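Enquirer: Chain by chain, the residues run as shown.
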Amino acid sequence: MDAILFLVFAAIAVICGINMVVQKQTIASALSLVGVMAALAALYLLLGGEFIAAAQLVVYSGAIMVLFVFVIMLLNAKGEKNPVVKPWGKYFGAPLMLVFFGIMSIVVQRYTPASDGVVFGGFRGAGPREIGQSLFTVYLLPFEVTSVLILVAILGAIVLARKEID
Amino acid sequence: MPPLPLPASVPISWYLTLSAILFSLGVLGFVLRRNIITVFMSIELMLNAVNLTFITFSYMLKRVDGHIFSFFVMVVAAAEAAVGLAIILTVFKNRQTLEIDEVSSLKN
Chain A
579 MDAILFLVFA
589 AIAVICGINM
599 VVQKQTIASA
609 LSLVGVMAAL
619 AALYLLLGGE
629 FIAAAQLVVY
639 SGAIMVLFVF
649 VIMLLNAKGE
659 KNPVVKPWGK
669 YFGAPLMLVF
679 FGIMSIVVQR
689 YTPASDGVVF
699 GGFRGAGPRE
709 IGQSLFTVYL
719 LPFEVTSVLI
729 LVAILGAIVL
739 ARKEID
Chain B
46 MPPLPLPASV
56 PISWYLTLSA
66 ILFSLGVLGF
76 VLRRNIITVF
86 MSIELMLNAV
96 NLTFITFSYM
106 LKRVDGHIFS
116 FFVMVVAAAE
126 AAVGLAIILT
136 VFKNRQTLEI
146 DEVSSLKN
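As given, the protein sequences belong to chains A and B, one line each in that order.
Sequence positions in the first sequence follow the numbering used here and run 579 to 744.
Sequence positions in the second sequence follow the numbering used here and run 46 to 153.
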């Protein structure tokens, strides 16, 4: 059952990912990316991360992708006029990516330390309670620094996107 | 016909391989696409693939730290998306284009 669920959601993620790369229309790419993120949220649930699955749905496929779709709508972004014109990218980039993926999978298959497989409910130590406890004790300083980062990002976005007032 | 020999539990390496596939797709989109917004979305795909690796290792080691890190990655991705899309808006306002090849004033 676990394997079936994993294969279904992994297939959704990979198909949506391929669709994101090959689609000509920007809005179709954005919606495919939403599909990838939703499938990944289901995989996080299988791995025992309820909180991070919810955060993935709310923050990524909710907030961030809505921002993307807003910008695509605002700029009235059509597809690419001449996609992949450079032979460099076409004949060098894709094979290089395949080589990269091959090396990654060989390393993964060979050097992953022996451990139990993933079963649903096999790890219950990453619920909201544990994450909150860890976030406000061990990781308190990174948490606060992150809030400063968010503030800087908000100010930067406003400064960049505002209209000049003279 | 015998049923497919599916394991009772999913091996860790399957999750890591899925993560590698998604990361490679992100790299491919980053290299091949010429539209600023699509290139930006490819970066988001790569970040998501790394998040999956974090959470898989968190399961393997039975520790919560991987979840915390992927939470931070999400926060940084949100900040990055806000600033990046503001930059894209400004570029479009000044140049009326979204093709990265036409935005090359730093070249030469």
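One or more hints might be untrue.
Claimed, not checked - Partial pick of chain A residues on the chain B-facing surface, computed with a CB cut under 7 Å:
hint, residue
1, F587
2, A588
3, A589
4, L625
Claimed, not checked - Cut-off 27 Å, straight-line C-alpha distance, at most; resulting in silico cross-link-like pairs (DSS-like, lysine-lysine):
hint, chain 1, residue 1, chain 2, residue 2
5, A, K656, A, K602
6, B, K107, A, K602
7, A, K656, B, K107
8, A, K602, B, K138
9, A, K741, B, K107
10, A, K741, A, K602
11, B, K138, B, K152
To be verified - Okay, the calculated bits of chain A under chain B, using three or more residues with CB under 8 Å as the criterion:
hint, stretch
12, 591 to 598
13, 719 to 728
These are computed hints drawn from the structure, not numbers from a lab.
The structure presented is a predicted model; accordingly, all values stated were derived computationally and were not measured.
For each residue, glycine too, the CB sits at the ideal point set by N, CA and C.
Enquirer: Now tell me, hint by hint, if it's right for this structure.
Expert: Going through the hints against the structure:
1. Restraint check, F587/A versus chain B: the minimum CB separation of about 9 Å is more than 7 Å; hint violated.
2. Checking A588/A against chain B: minimum C-beta separation of about 5 Å stays under 7 Å; hint holds.
3. Because the beta carbon of A589/A sits about 10 Å from the nearest beta carbon in chain B, more than 7 Å, this interface hint is broken.
4. At about 5 Å, the closest approach between the beta carbon of L625/A and any beta carbon in chain B falls short of 7 Å, and the interface hint on this residue holds.
5. Using a Cα cut-off of 27 Å, the hinted pair K656/A and K602/A holds, with the two alpha carbons roughly 9 Å apart.
6. In summary, the hint linking K107/B to K602/A is not supported, as the alpha carbons are separated by about 42 Å, beyond the 27 Å threshold.
7. Of the supplied pair hints, the one linking K656/A and K107/B is violated, its CA atoms being roughly 46 Å apart against a limit of 27 Å.
8. Under the criterion of a C-alpha separation no larger than 27 Å, the hint pairing K602/A with K138/B is consistent with the structure, at around 23 Å.
9. The suggested pairing of K741/A with K107/B is violated, with an alpha-carbon distance near 50 Å, which exceeds 27 Å.
10. Simply put, K741/A and K602/A have alpha-carbon atoms about 31 Å apart, too far for the 27 Å limit, and the pair is violated.
11. About 20 Å separates the Cα atoms of K138/B and K152/B, which keeps this hinted pair within 27 Å; it holds.
12. Coverage of the stretch 591 to 598 of chain A by chain B holds. Counting CB-CB distances below 8 Å, 5 residues qualify, and the rule asks for three or more.
13. For the stretch 719 to 728 of chain A, the stated coverage by chain B holds: 4 residues have a C-beta nearer than 8 Å to a C-beta of that chain, and at least 3 were required.
Hints 1, 3, 6, 7, 9, 10 from the earlier list are contradicted by this structure; the remaining hints agree with it.
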